[in-house]
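Peer 1: The chain contents come next:
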Amino acid sequence: MTGALSGRRVLLVEDEMLVAWLLQDMLADLGCAVVGPAARVNQALAIIAAEQVDLAVLDINLNGQTSYAIADALTARGVPFVFSTGYAKDRLAEDYRAFPVLQKPFHESELGRALETLLEPEPSSVGSRRECAAEAPH
Amino acid sequence: MSAITMKSADQKDAESNVESFRKELGPFVAATEMTSMAMVFTDARDSDNPIIFANDSFLALTGYRREELLGKSFSFLMTRGAGPDALAKVEAALKGSSECSLEVRCRRKDGEMFWAAAYIYLVRDEAGGVVQRFASFVDLTDQKREEDRLRFLLDELNHRTQNTLATVQAIAVQTLRGVVAREVVDAFQARILALSKAHGLLGRTNWDAVSLRDTLDQALQPFGLNDKWDARFTVQGDDVRLQPKTALTLAMMFHELATNATEYGALSESGEGRIDIAWQVEPTPQGGRMRLRWEESGGPLVEPPRRKGFGSRLIEGGLAQELDGEVRIDYPPDGVVCHVVMPVTAPVGE
Chain V
27 MTGALSGRRV LLVEDEMLVA WLLQDMLADL GCAVVGPAAR VNQALAIIAA EQVDLAVLDI
87 NLNGQTSYAI ADALTARGVP FVFSTGYAKD RLAEDYRAFP VLQKPFHESE LGRALETLLE
147 PEPSSVGSRR ECAAEAPH
Chain A
13 MSAITMKSAD QKDAESNVES FRKELGPFVA ATEMTSMAMV FTDARDSDNP IIFANDSFLA
73 LTGYRREELL GKSFSFLMTR GAGPDALAKV EAALKGSSEC SLEVRCRRKD GEMFWAAAYI
133 YLVRDEAGGV VQRFASFVDL TDQKREEDRL RFLLDELNHR TQNTLATVQA IAVQTLRGVV
193 AREVVDAFQA RILALSKAHG LLGRTNWDAV SLRDTLDQAL QPFGLNDKWD ARFTVQGDDV
253 RLQPKTALTL AMMFHELATN ATEYGALSES GEGRIDIAWQ VEPTPQGGRM RLRWEESGGP
313 LVEPPRRKGF GSRLIEGGLA QELDGEVRID YPPDGVVCHV VMPVTAPVGE
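Top to bottom, those sequences are chains V and A.
Quick note on the working numbering: the first sequence kicks off at 27 and runs consecutively.
Quick note on the working numbering: the second sequence kicks off at 13 and runs consecutively.
In short, the hints are calculated from the structure, not lab data.
Don't take every hint at face value.
With a straight-line Cα cutoff of 27 Å, these simulated DSS-like cross-link-like pairs (lysine-lysine) come out [unchecked claim]:
(1) A:K121 with A:K84
(2) A:K84 with A:K107
(3) A:K107 with V:K115
(4) A:K84 with A:K35
(5) V:K115 with A:K121
The following block holds chain V by itself, in its conformation from the complex (with noise of 0.2 Å):
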């Protein structure tokens, strides 16, 4: 659908089956080749290994588990990220609070903005884009 998107292999990490397929469907009709979805980080650590990913939409809350070590694996590889959590952002570690957030639930106009930006080539400063990603999600 969207010029920028088209095309893209997106990892999905979310553990919440129904979101996870709502997800899905947003990425496919943002015109998104959806890799996953992966509802572990072992999971998803096992797919960013293997497979070749061009940006990530990752749910923070893994069934207990955090997915910091994702956001380092994608990070280590250059791989830009939006967290989705229903999580306010000071809830987030203190190292990761300079990713963009998409606050649940969104609209898929909103995935789409945020992902676009990340895309966006890196302006002068790493966080005024970060906080641009971020704002994205009104």
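Chain V is already provided as a structure; the job is to place chain A on it using the hints.
Peer 2: This is chain A only, laid out in the frame that chain V set:
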């Protein structure tokens, strides 16, 4: 005498001080010694504020033995390792010539940190000079722990509410997609999201009072409010604090009005339409009364709806009841006008 049992001059002074209290104040000293509130007296004539008396509760709170305390500097003892902030606070309180209370993080002898509310009073002699300081303490450790636990529970509850709304959204979309028109799915989804965003706003303020401006911003942002390329909204009025339930109700109302404006009213054709939102609070014997007006103009010619949809039912029926006020929607040809009259508590900042 060995060095271990030798008493310092300070300590001897302190002990003789207590002896003199005991003679003069008999029953009061006994009461102070036995009360469950931790208390110390310091000698205000010495710049170090050495401790000259500490009751049993203070010993229990801090874990020190009495002989370890007497003659020691009070501020050093209380803030050992507790950070320069606490030390500065205590120093300032002790130097001050007035009485004060403060919350400080202190350290027990065994190194454990604890929170205490400290109340510092001045004891004056007959000439009015400050001769002693008297400090009493309430251990706040349990209270702080309880506050943290409540904060955690509230965060969890907010998180679960949002996740549940996300699940409701997912179920609705999976159930309805392909069965009903796309607009129906979108309208349902938009209402769930409006409710969720209002909940999110309340969660961020700990379900305390919320500002009307924030509520408006949150509800109307998806429709272009505060968008720098979109000047179709004006908002005028001094900010007002809303009760959580009122904020939720108004957020849903703004969502319905804006949705209606997008479909039929001022936001339906890109261009000339605009929405002016303004309110005033007037004092009445029963408290503040707010009059809020949502006025559309410049959109297509308005015709009153033939049938009341969910939006107008919600606004005129449900909301009037929930807001304990009056809500009316008019459909003049120039644009929809919605009037709300409702009680409010206080303007923001009061």
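Peer 1: Determine for every hint whether it applies to the structure shown.
Peer 2: We went through each hint and held it up to the structure:
no. : hint               : result
1   : A:K121 with A:K84  : 13 Å, holds
2   : A:K84 with A:K107  : 17 Å, holds
3   : A:K107 with V:K115 : 41 Å, violated
4   : A:K84 with A:K35   : 24 Å, holds
5   : V:K115 with A:K121 : 38 Å, violated
Consistency with the previously given hints fails for numbers 3 and 5, ordered from lowest to highest.
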